[in-house]
Amino acid sequence: MTDLSVLLGPISALVLAPLIPGIINRTKAVVAGRTGQSLLQLYADLLRLFRKGAVYSRTTSWVFKAGPVAGLSCMAVSLAMLPLGGVPGAMAFTGDLIVMVYLMGLSRFFTAAAAMDTGSAFEGMGASREVQFSVLAEPALLVGLAAVALAAGPAGLFDAGPVVNGFRSLSEIYHQLTLSVWANDGAILLLAAAALFIVALTENCRIPVDDPNTHLELTMIHEVMVLDHSGPDFGMILYAAALKLWFFLALLSGLLIPVRSENLWINGISTIIGIFFLAVGVGLVESVMARLRLLRIPQLLAGALSLSALALVLVLWG
Amino acid sequence: MGILFWGSLAIILAGGMASLALGRFSPWAGRVGSIGVFVGCLMGLAPAMDVIVTGAVMSWSMEWRMPYGSLSCRIDALSAFFLIPIFLVSGVSALYGSRYLKIHETTKNLGASWFFYSILVVSMALVVVARNGVLFLVVWEIMSLASFFLVTFEHEKESVRQAGWIYLTATHLGTFFLLVLFVVLAREAGSMDFDRFEAMRFHSAAIAGPAFIFAVIGFGTKAGFIPFHVWLPEAHPAAPSHVSALMSGVMIKTGIYGLVRTLTFLSPPQIWWGWLLVGVGLTSGVIGVLFALAQHDLKRLLAYHSVENIGIIALGLGLGLIGTATHQPVLACLGFGGGLLHVLNHALFKGLLFLGAGSVLHATGTREMDRLGGLINRMPWTSATFAAGSVAICGLPPLNGFISEFLIYVGAYHAMGRPDVSIPSAGVIVGLAMIGTLAVACFTKVLGVVFLGEPRTEAAAKAHESDWAMRIPMIALALGCVAVAAAAPWIVGLMSPIVSGVAGIPAQAVKTHLRIIQGPLESVTWMALLLVFGIAILAMLRKRLLAGRPVDRAGTWDCGYAMPSARMQYTSSSYAKPLIHLFDGILQTKTSYDAPVDLFPARAGLHTHTEDVFRRRIYEPLFHAVDRFRSSLRWMQEGRVQVYILYIAVTLVVLLIGGL
Amino acid sequence: MKIVIEALIVLLILTNLKLIASSRLSACIRVVAVQGVLLGLMPLIAGQEALTLRIAALSGLTMLLKGVVFPWLLLKTLRSANVRREIEPFVGYAASLMIGAGLLFLAIWMSRQLPMPFAVTSPLIMPLAFFTMMIGLFAVISRRKAITQVLGYLVMENGIYAFGLVFAQHEPLLVELGILLDAFMAVFVMGITIFHINREFDHIDADRLSALKG
Amino acid sequence: MIFLLIGVPVLAGIIAFFIRPGWMPRFLLLAVAVTHAGLTAGVWMVEPAPVLDGWLLLDAPGQLFLSITSLLFLMVSIYAVGYLAREDWGSRQDFKEGLLFTNARESVFVCCLLLFLGTMTLVTVSQHFGLLWVAVEATTLVSAPLIYFHRHVRSLEATWKYIMICSVGIALALLGNFFLAVAATFKGQEHIPLLVKNLMDNAPALHAPWLKSAFIFMLVGYGTKMGLAPLHTWLPDAHSESPSLVSALLSGALLNCAFLAVLRIYQVCAAAGMDSYGRSLLVGFGLFSMLIAAAFIVRQIDFKRMLAYSSVEHMGILSLGVGLGAGGVYGAMLHAVNHSLTKAMLFLAAGNIIAVYKSKSTREISGVFSVLPMTGVLWVGGFLAITGSPPFGLFVSELLILKAALDQGRWGVAMAYLALLSVIFIGMAAIFCRMAQGRSSGPPATGLTPRGLKTTLFNEPLLSVLPPLALGALTLVLGLYIPEGLHRVLELAAAAVEGF
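Protein chains in written order, with this note's numbering: chain R, 108 to 425; chain E, 83 to 742; chain Z, 1458 to 1671; chain Y, 4 to 503.
This is chain R alone, in the form it adopts within the complex:
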């Protein structure tokens, strides 16, 4: 697999990620019967932000400045491991999915810390909510992927036989997700996908968990954490958010679109197209659903966790 195609994943992500929010917004606009903003809106925003100066709160320290930087680089590094459907990640190794999840944890750590650094009650509130939801989201993600891994490779592979047959990298797992796997236990994959979808919405603060275009600080989660960031910092944050969204959608579409041909380019392209469709899906969800009450969100996440647990049970004894 060592040809240029491994670069397809990272590069496409870095280039195309800002498109996704555009697609989502456009979908919502269309559903609502508006023209809506341009698809490339985020690119424009980023350019403008990077050209701006910055204002820092007197309260803040280096932690505040570290937040955006760390967040963005965490996302960038995890992209290096992300498989694009059948296309393996640039750096794939056993247990890389754990590293990815924990890198997200790291970025969460820094974002929350940066929010607390401003000493603003609202940002503290946002940080507190962010960390709360991840408590349930992360297990759901890990267990869901575990179920997928088991479904993809026959359990026999997990015997402590030859070393290579141990637990594999996410890329290998995805590489094995062929049509036959879907044919055998599609139900499991669907359950896992559902769980992943909910997690994706949570992690990226989309409706029904959070409303990215609300303007009432009290109701915000992610947006409120970055109130004080401005200029390039804010640009990095927006870009990191876009990458994160891309990351999850890529995971989903790699799972849902079982194109595993010899030609890696075809796999890659098809997955990317899948990502766009998923973005549209997110847009649709956002336009038909309302935002949940904060107290209900843990229940939603618990639902996601139980979905992936169910998937696991099915793959083990189904």
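Worth flagging that the hints you see were computed from the coordinates, not collected in a lab. Check the hints yourself; a few may be wrong.
Unchecked claim - Stretch by stretch, here's where chain Z covers chain Y in the computed footprint (C-beta under 8 Å, at least three residues):
id, region
1, 37-47
2, 131-141
3, 158-165
4, 207-217
Claimed, not checked - 27 Å max Cα-Cα, derived BS3-like pairs, lysine-lysine:
id, chain 1, residue 1, chain 2, residue 2
5, R, LYS172, E, LYS544
6, E, LYS239, Y, LYS200
7, Z, LYS1475, Z, LYS1459
8, Y, LYS361, Z, LYS1670
9, E, LYS190, E, LYS239
10, E, LYS184, E, LYS239
11, R, LYS172, R, LYS159
12, Z, LYS1475, Z, LYS1533
13, E, LYS672, E, LYS659
14, E, LYS184, R, LYS172
15, E, LYS544, E, LYS184
16, E, LYS625, R, LYS159
17, Y, LYS361, E, LYS239
18, E, LYS659, E, LYS239
19, E, LYS190, Y, LYS361
20, Z, LYS1670, Y, LYS363
21, E, LYS239, E, LYS672
Claimed, not checked - Chain Z is faced by these chain E residues, among others (derived, beta-carbon under 7 Å):
id, residue
22, GLN719
23, GLU720
24, GLY721
25, VAL723
26, GLN724
27, ILE727
28, LEU728
29, ALA731
30, LEU742
Note that the Cβ used here is the ideal one computed from N, Cα and C, for glycine as well.
Dock chains E, Z and Y against the given chain R, drawing on the hints supplied.
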């Protein structure tokens, strides 16, 4: 090398004695004591390292005129592995303490305190090298007593005395289980020598099962397994911070050592042992971190985090046991390897965190997080190192906490496919994920409330950075965290003899099995480098972008509110509120709320208090029951001589009627 | 011969009953004195072997101590502590007599349980010994006045001593003397203590000495 | 030799009665103590010859207990020199109700102390049961005045209870003696003299039911003296009201003597093949004593009473150890040694505390560490020692007894034993810590002491610190190392008790 080891112990003891002799109120007492311990510990590191690297086992044995006793010691890979954190953390904490205790110089007997400190260090070292049951118990108890005296350093305070009492009680009860454990083993082996125990390899479930249970309870009390953890959140806050660092960093690990050592006597493990440990690990991990989240007292919070990390270690060991029991060497190696590696890691970052908490306490005089804030601008070093420790303890890359958790994760994923072990593996995965995220929540809270934002009180505003004697230890430990993470593949390679001893797998096989993980670990290291690199690049990029553009500072945007004050910041309680609410079933937090009254309320307040459920629901009722029974016997000694003689008559008659 | 022994035994039993039935302390002391004398006669008659010097001396000494010296000591103490009678004991006199009867049965039961390994002059002697001992113990338990308790102790010792005199004649003289001496010392010390009690508290109610408890 | 051991103290006692108070009685006391200790040391060197055709001879158990007694007496008399010098002999205020009271005459006190030593020595050497009985009763009588040293209402009450209860108990033991005599008599007239050795030699010939009842009576009788619950009732009163050094002797030496008496009869029973019955009784008494002790130690408000109850506990452990047999007997012997040393040390330390704080209440006293550093160390060290924490000697003996229980698979006994030990530990920990630590509770009425102590290291009279210190050092040593000679004697004693 052996002479080096005993020499180091001798130096440490000598320092303690000298300091005791110098006695109270002499400024030299503190210096001599701390220097002795520091030098001795540096010396002691050498033989330990040597044993680990070269794999050469040192052992000594001699006659001891005690029943069932023999003065036999041995430094094998396992002992050496535990000796390293012991000497490391003891040394740096001693350096730290030399400055930390200065404020008590005129009021307290520092000589005694340093004496007990040195005793504690020596006894810990002896605990991990002892090869005889009686010797082990003796040094074990000496260790507990020495730490008790250290905990009650500020015994004028009622709370400290209470804490000391709880600790003493807990540790003594734990020791009783160990007594039974060793006596039962000795009954079979005919001697209390560990060599005999190992030779026996107690197969029969009739012995091994109960022995394992006794070990889990006895050693678990020291290590802080839930529900035997109740002493930790009392003792650690009460002790002086460098002592808390020592106790929480390494002393509780002697419990883990004991458990692991016992496992080498019992073989083959039955699978339910693994299940038990995994269960214990899950409970300790999740509940521990939840309670930590609910605390307002910085050191209490850290103490509960020790419970959590001990839980993680137990998860690793549990997986290892399951692996051995179900003949999956890979799982065994990964489980034991991860668990043991986490012992080292936790020693490093927990020591660091307690030292950091100590210098906060030293600078501001309070452990109440909600009275602090904004320290990062006043104590940059403490804050930076504390931040590093937080990242490490949350198990986040690129620091060492992640490495050990990574091993355990991979082990769990690896075993997932086997239906017979998939449930514990899934449990471990979910548990670790929850523990990790909760830890992130907890430490963003600590970092944010204590070090970031605006100072909430005068004390916090007037805080000052502590001087080098206290800074260097923190920096050293922080660097240690980085180093372990960077050298992870190598270290894991070194651990193969240790793991093989515990898992009962030949070292060569262990090497090959651990190689599975070494490759990924290298990639993890690369990832970490990439991350740091990326951060650097982006930071530079931002600098470049901002160059020549207006960068100014303003007040925090408070959504239009005119006059924000430091009191308006999110407090630790408010930060943790959602999660506490989510898990209220476990935490049972008490909330007292006096609502603001009328138009211009004079005062209003909200107090939340989370006391230990296990203490309130298990131990206090138990103690009360015993006490009630006790007081129901008081009538016996009621004072009249006639009644007393009646007792004699009755006894006599009963015995006669029974006997004839 | 036998008839004499029987008579002696009956007399002793009666003294016991009299002791627990009478409330005047001086009367009690006299009863004990009588008992002591009778006890002294015991070995002279009941012993299996012929009258030896040893036995003679022993009985003489016994009569002297138990019949004369102890009562004298106690009467002296009684006079110093001016109390006349035992006021409302824990167990009333009628009840005491019934209990006494009960104890008699218990004593007989015990002697049934422990058959003598050798022949004895009268089967009643052993029950008597036990009975006397029990009565003494009962007196100690059931009476308030310190002096009555001393009497109880004495009676108890009498019982035991009677047993020894009759059945364990093989005790060397040294031991017998030691025992007597100890008994004497005991009564002496008790007497002194009572004297002090009386001085400190101006009463000799043992049951009111109950400050130390718990 | 043996005559000297007994004679010297007795004669000196009689002399002491007639010399006038002052330094002379103290000197006499010290001299006799040293002599006696020297003689005892000599006993370890050369086997003393039996005298009075074997009535008095020193076998291993006797030697053990004699040594304990002698050592303790030496320490106590050193302590007593300082104590008597500091006592003021006029009448003074009682610190509880403010009653006036005086002390007994010094010469009487010394005389009784010496006689006490003599009688206890007699107990350890006498092989004849009758003589043994005489000796034990004698100890009661001569120790009564010691308890009543402070002419004080409460000590008077204690004395009265002590005399009554012990005398009654001992009287029962006397009956036991006669039963033994009967058991040793056959049809016809020939008869075994009541010497331990002869009885054990032809134990099978003994008449079983009589022997059994003899055992019951002696167990109850001497058990009363030894302080086995529920016969222990005199013990807390006597220990709490007598001067501390007397308490030390009572608890460290006297109880052991009673224990020795119990051992003697147990020896005979074991030899006669009734050991299983005897053991069950001993185990029962042992556990019950520990239970009662635990019940009264926890939340005890008078720390001398607490120490007394702890003696009850340890007597229970002793009889438990013997009752378990096998290794337990060795453990019990070792335990007797350790307990005597530790308990004496604690009582002496308690004496120092009372001397300064003028109180016995655990509620009122705190901060001993800061007021009396050395005594504080002794106090806490003694607590750790008495609760059987390593590295002190009691740990070893308690471990041995536990091992004996578990080796016989008697889980119930072992668990009860550990449970009671832990309850006692918890209770004691609460009391000792709050006494030793914390701020000084300050002067109750006047300044801390007559001389107003300053809080520097060696502010305490050497004579009142050294003896307990020495005792503590000894238990510490015994916790880390058991000398060869002692080990041999312990084994012999254990063997003797086991009846082979």
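Query raised in the report: When the nearest CB of chain Z is found for ILE727 of chain E, is that gap smaller than 7 Å?
Result: holds (5 Å)
Query - Satisfaction of hint between LYS544 of chain E and LYS172 of chain R, Cα-Cα up to 27 Å - result: Distance ~25 Å between LYS172 of chain R and LYS544 of chain E Cα, so the pair holds.
Report task. May I ask you to test the interface hint for LEU742 of chain E with respect to chain Z, counting a Cβ-Cβ separation under 7 Å as satisfied? Result -> For LEU742 of chain E, the interface hint holds, since the closest Cβ of chain Z sits about 4 Å away, which is under 7 Å.
Requested in this report: Please verify that hint: ALA731 of chain E, Cβ, nearest Cβ of chain Z, below 7 Å or not.
Outcome: holds (5 Å)
Query - Given hint LYS172 of chain R paired with LYS184 of chain E - CA-CA distance at most 27 Å - result: violated (37 Å)
**Report entry** Straight-line alpha-carbon gap LYS1475 of chain Z to LYS1459 of chain Z, limit 27 Å
**Finding:** Measuring from Cα to Cα gives roughly 24 Å; hence the hint holds.
Query raised in the report: Holds or violated: is there a CB of chain Z closer than 7 Å to the CB of VAL723 of chain E?
Result: Holds, about 5 Å.
Query - Pair hint LYS190 of chain E and LYS361 of chain Y, alpha-carbon separation not exceeding 27 Å - result: holds (26 Å)
Query - Agreement of LYS659 of chain E and LYS239 of chain E with the hint, judged by alpha carbon distance not exceeding 27 Å - result: violated (31 Å)
Requested in this report: May I ask you to test the interface hint for GLN724 of chain E with respect to chain Z, counting a Cβ-Cβ separation under 7 Å as satisfied?
Outcome: Status holds, d = 5 Å.
Query - Satisfaction of hint between LYS159 of chain R and LYS625 of chain E, Cα-Cα up to 27 Å - result: holds (12 Å)
Query raised in the report: For the pair supplied as a hint, LYS239 of chain E and LYS200 of chain Y, is the alpha-carbon distance within the 27 Å limit?
Result: violated (61 Å)
Consistency with the previously given hints fails for numbers 1, 6, 14, 18, ordered from lowest to highest.
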